[in-house]
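J.: Residue numbers (this note's numbering), protein chains in the order written: chain A, 24 to 279; chain B, 175 to 554; chain C, 568 to 909.
Simulated from the structure, these hints should not be mistaken for lab results.
Every value quoted in this text rests on a predicted model; they were computed, and no experiment measured them.
Ideal Cβ placement from N, Cα and C applies to all residues, glycine included.
Check the hints yourself; a few may be wrong.
[As the list claims (entries may be wrong)] Sample of chain C residues facing chain B (criterion: CB under 7 Å; computed from the structure):
(1) Leu-702
(2) Gly-706
(3) Leu-707
(4) Ile-709
(5) Pro-878
(6) Ala-889
(7) Leu-893
(8) Leu-894
Given next are the chains, with one letter for each unit.
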Amino acid sequence: MATQPNIILHAADVHKNFGGLRALSDIDLQIEEGKTHAIIGPNGAGKSTLLNVIIGRIPPSSGAVVFDGQVLTGKAPHEINQLGISRVFQTPEIFVDLPVLHNVMAPAFARRDGAFRVNMLRSVDSETEIREEAEQLLQDVGLYARRFDTSGALSRGDKRRLELAMCLIQRPRLLLLDEPTAGMSRHDTNTTIDLLKKIKSSGMTKVIIEHDMHVVFSLADKISVLAQGRIIASGLPHQIKEDPRVQEAYLGGSVQ
Amino acid sequence: MVSLSRTDLSKLAIFAAIVLTMPIWLAPFGAAYPGLMQKFAIYAIFAIGFNILFGLTGYLSFGHAAFLGVGSYTTVWSFKLLTMDILPAMALAVVVTGIFALVIGYFCLRRTGIYFSILTLAFAQMCYSLAYSVLTPITNGETGLLLAKNDPRVLDALFGASASTDGLPHPTLLGGSISGYTGFYICAVLLIVSFYISQLIFRSPFGLALRGIKSNQTRMSYTGFNTKPYTLAAFVISGMFAGLAGALLSVTDPLAGAERMKWTESGNVVLMTILGGVGTLYGPVVGAWLIKYFENIFSAINTNILHSFLSFLPDGLEQVVVAVLSKFVGEGWHLTLGLLFVLIVVFLPGGLVEGSQRLARWLTGRLKGSGAQPHPHPAE
Amino acid sequence: MNAFLAQLLNGLDKGGAYALIALGLTLVFGTLGVVNFAHGALFMLGCFCAVTFRYLITLETVTIDPENLSPWGTPVEVRTPLVQNWFGDFGAVLVDYSVPISILLAVPAMLVIGIAMERGIIKHFYKRSHAEQILVTFGLAIVLQEIVKSFFGANPIPQPIPSDLRSAADIGVWLGMDPHTLTYPWWRIVYLAFSAVVIGGVFAFLQFTTFGMVVRAGMADRETVGVLGIDIDRRFTIVFGLAAVVAGVAGVMYTPLLAPNYQLGMDFLVLSFVVVVVGGMGSLGGAVAAGFLLGILQSFASMTEVKSLVPGIDQVVIYLVAVVILLVRPRGLMGRRGIMEN
Chain A
24 MATQPNIILH
34 AADVHKNFGG
44 LRALSDIDLQ
54 IEEGKTHAII
64 GPNGAGKSTL
74 LNVIIGRIPP
84 SSGAVVFDGQ
94 VLTGKAPHEI
104 NQLGISRVFQ
114 TPEIFVDLPV
124 LHNVMAPAFA
134 RRDGAFRVNM
144 LRSVDSETEI
154 REEAEQLLQD
164 VGLYARRFDT
174 SGALSRGDKR
184 RLELAMCLIQ
194 RPRLLLLDEP
204 TAGMSRHDTN
214 TTIDLLKKIK
224 SSGMTKVIIE
234 HDMHVVFSLA
244 DKISVLAQGR
254 IIASGLPHQI
264 KEDPRVQEAY
274 LGGSVQ
Chain B
175 MVSLSRTDLS
185 KLAIFAAIVL
195 TMPIWLAPFG
205 AAYPGLMQKF
215 AIYAIFAIGF
225 NILFGLTGYL
235 SFGHAAFLGV
245 GSYTTVWSFK
255 LLTMDILPAM
265 ALAVVVTGIF
275 ALVIGYFCLR
285 RTGIYFSILT
295 LAFAQMCYSL
305 AYSVLTPITN
315 GETGLLLAKN
325 DPRVLDALFG
335 ASASTDGLPH
345 PTLLGGSISG
355 YTGFYICAVL
365 LIVSFYISQL
375 IFRSPFGLAL
385 RGIKSNQTRM
395 SYTGFNTKPY
405 TLAAFVISGM
415 FAGLAGALLS
425 VTDPLAGAER
435 MKWTESGNVV
445 LMTILGGVGT
455 LYGPVVGAWL
465 IKYFENIFSA
475 INTNILHSFL
485 SFLPDGLEQV
495 VVAVLSKFVG
505 EGWHLTLGLL
515 FVLIVVFLPG
525 GLVEGSQRLA
535 RWLTGRLKGS
545 GAQPHPHPAE
Chain C
568 MNAFLAQLLN
578 GLDKGGAYAL
588 IALGLTLVFG
598 TLGVVNFAHG
608 ALFMLGCFCA
618 VTFRYLITLE
628 TVTIDPENLS
638 PWGTPVEVRT
648 PLVQNWFGDF
658 GAVLVDYSVP
668 ISILLAVPAM
678 LVIGIAMERG
688 IIKHFYKRSH
698 AEQILVTFGL
708 AIVLQEIVKS
718 FFGANPIPQP
728 IPSDLRSAAD
738 IGVWLGMDPH
748 TLTYPWWRIV
758 YLAFSAVVIG
768 GVFAFLQFTT
778 FGMVVRAGMA
788 DRETVGVLGI
798 DIDRRFTIVF
808 GLAAVVAGVA
818 GVMYTPLLAP
828 NYQLGMDFLV
838 LSFVVVVVGG
848 MGSLGGAVAA
858 GFLLGILQSF
868 ASMTEVKSLV
878 PGIDQVVIYL
888 VAVVILLVRP
898 RGLMGRRGIM
908 EN
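Just chain A, with the same shape it has in the complex (with noise of 0.2 Å):
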């Protein structure tokens, strides 16, 4: 289309350096709304880095990184999540003492009634549009059945695809994922990027980091490629393909 692509997050001149350790440098990144944005790079090219800076989880030596307008850095955790950004951990993040159902239904309060609201009068039980949206969620990942059993006794890809549906019910404008299939079998990797397709044609903007070049290529719409904290190229997923200087950098020759 003709239309200028919105741009929803942009990381504009972003360095990161850990004492004497250039983690980060000369970042400049933008994702268009609406998009699946991945990451690649090998292992220590400062990939989780970019998604703490990003997340405001660690502050950029210099450099800001601006979402809709709004500059993150700063900001804690819970405002930036309230602006519309959710994210999956490489680690599963959940509440392991609660039964999975009410993982699910935690963050949609989040959402409807913002970063704190004592919220006495009516139980959790009785708030029927936010259970069912959670179970129909649950269904979508394939928890439904075990939506009363306490989350800590999930496999770990069963943990997954929960924490997956915690940051999907918060409807959230930019999902970032850190290796979203990371340990899950072939089959359940499979069904996890369904899932995503299926969000995909909803509309909400993902940046994903990824190793699997099958999910990666399955997903995304535009790829950029992180080597030694720079991002050496960035492109259509054929493009990229194609880069010589990604083949060399990343792929170690070709990409299948």
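Position chains B and C relative to chain A; hints supplied.
T.: Same frame as chain A, now just chains B and C:
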């Protein structure tokens, strides 16, 4: 009662029935006198409040006795300055303790884990020391704060309540005396109300957020919850419960002493909650009752009672058994308590409530198990 | 100036006790990762080792001297400690010096108690949360103090200073001042020297033995040491025993300064936690420095001049420092960055 489900309502009804019929079912245990039952109710309120903080958010406070003390002092001051009626006294106590908890919580909640525990402990010890020294004009130091005949009591004077001529005035509820069973029923009703509030919190999205904080604070903040005000709210609510308990201690016995603020008292409420079952609805109540009951019974047992109790044993053996047992009763009952506490923490972290649930599950499991295979296949 | 020096000295012996308790507390926390609320009780048990020893050594025979009549005309009872019967004058010296000698009883006793505690209960809590560690050790502290109470009663039992050390040293003369301007009781000097020796001993042990090296490595990075395949378990037990001994002997020597009762441990526990926090959780040097610092601070705060300026400051100064440190610099004076922050 908008928010309680049917099962919750029936739980509340059962709880209310249990509390209100205490004078009947406690009689066989020799504990059905108002003074003791009041203590049951008061310490149950204290423990319920503590559980809202520790049970839901996981923040272990070692300074809750300070709130108990503040509630007591406020109540006695209300008796001295305003009126002998207990309603304004209790309301004031809850409000003042709430403000106090807000200030202390604001500082303590900047840290988590063990640092939070030590901070609350340091604050409470500070209050305790100050109550004995600089704050003597407010606390009357070691003697404790007492009523006096010539206290101003402006509200009573305003409404021309007759100054009784014989001795000190007694606390009243809307003009009526609150001695004996009336006092107990006031405490009982407030306990039921406290239980109801704790039920509401446990069931509500607010309670879910608090549990989330206990479970995974990182996830909470990345999910958009601002955890600080949540924990602060829990801290203040919990402090207000302690304030109410402190107020009731002074309502039923109008004096206030600094020993209520000592950290062993904070330790006591931790014991009650852990013993009964932290994070459960009934646990703190069960723990408070058990500890107060055994404190009363065990500490009253002396060697004579033991001798008469064990007279069926052969003489030499009896002497030995009595000598050993006497270390655990009477003065030594705290030893029993300490041992019990260690055993619970080691073997039954969920307390007695969880223990009994586990037992029940095990029993039903066995019943089902034996029912499932009524026709064992003979080997072929 | 003299008043200043006097307060400085007064703070030192208390600081010595704080430092010794905090040293063990932080050693246990640093290596075992356990928050030990029963550590104050170990100090208290040490105190009662001295009490027990004195009780045993002063067991006496009562003989009746028919020659010697009291003013009421009854024969006088002559009480002789058994040791004096057995050893004569040497026995009398033993009785006189019961407090320092009881260290000989305290060291093995505390070692056994410490090892039993660690093997029996603490080791099951390495993997459990700090809250649970606090709870179980808190329960243990109650048990220990109640056991002591059931044997020794609730009243403080004063212990005598050996008669040679009851006078005060005229420290002012040493510093070239006029006689009697600055005096300091000999026993406090002994306590100070004693704590310095024990602290030095612990540091030397950690510095110069292989065992100590492993312990220090463990404090710096527990996981790595575990990976090295070193038998951590046995070392943990010994570290806990060592901490118990240090707390115990600190208690033994403190008895003449403060008559011990069963609750003493709780009082010192709160204070020594404050010391550990101020010094920095897991920092041995910090614990020692903060111990002396807070002892001196407390001593200055109890000066009348200071008290009239800020009423009640002597009661709260330590807690105040702890609160400020925790809020402003939670890793304490010398703690490593990141330890227990958040």
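J.: Under 7 Å is the threshold here; is the Cβ of Ala-889 (chain C) close enough to any Cβ of chain B for the hint to stand?
T.: holds, 5 Å
J.: Report holds or violated for the interface hint on Leu-707 (chain C), using the least CB-CB distance to chain B and a cut-off of 7 Å.
T.: holds, 6 Å
J.: Double-check Leu-894 (chain C) for me: the hint is only fine if its C-beta lies closer than 7 Å to a C-beta in chain B.
T.: holds, 6 Å
J.: Does Pro-878 (chain C) hold up as a contact with chain B if the rule is Cβ-Cβ below 7 Å?
T.: OK, holds: Pro-878 (chain C) within 7 Å of chain B, min 5 Å.
J.: Let's test the interface hint: is any C-beta of chain B closer than 7 Å to that of Gly-706 (chain C)?
T.: holds, 4 Å
J.: For the restraint on Leu-893 (chain C), tell me whether the closest CB of chain B is nearer than 7 Å.
T.: holds, 5 Å
J.: So, as I understand it, the hint says Leu-702 (chain C) touches chain B; can you test that by seeing if any CB pair is closer than 7 Å?
T.: Since chain B brings a Cβ to about 5 Å from Leu-702 (chain C), closer than 7 Å, the hint holds.
J.: Was the hint right that Ile-709 (chain C) lines chain B, CB cutoff 7 Å?
T.: Result: holds, 3 Å to nearest chain B Cβ.
In the structure shown, no violation is registered for any of the earlier numbered hints.
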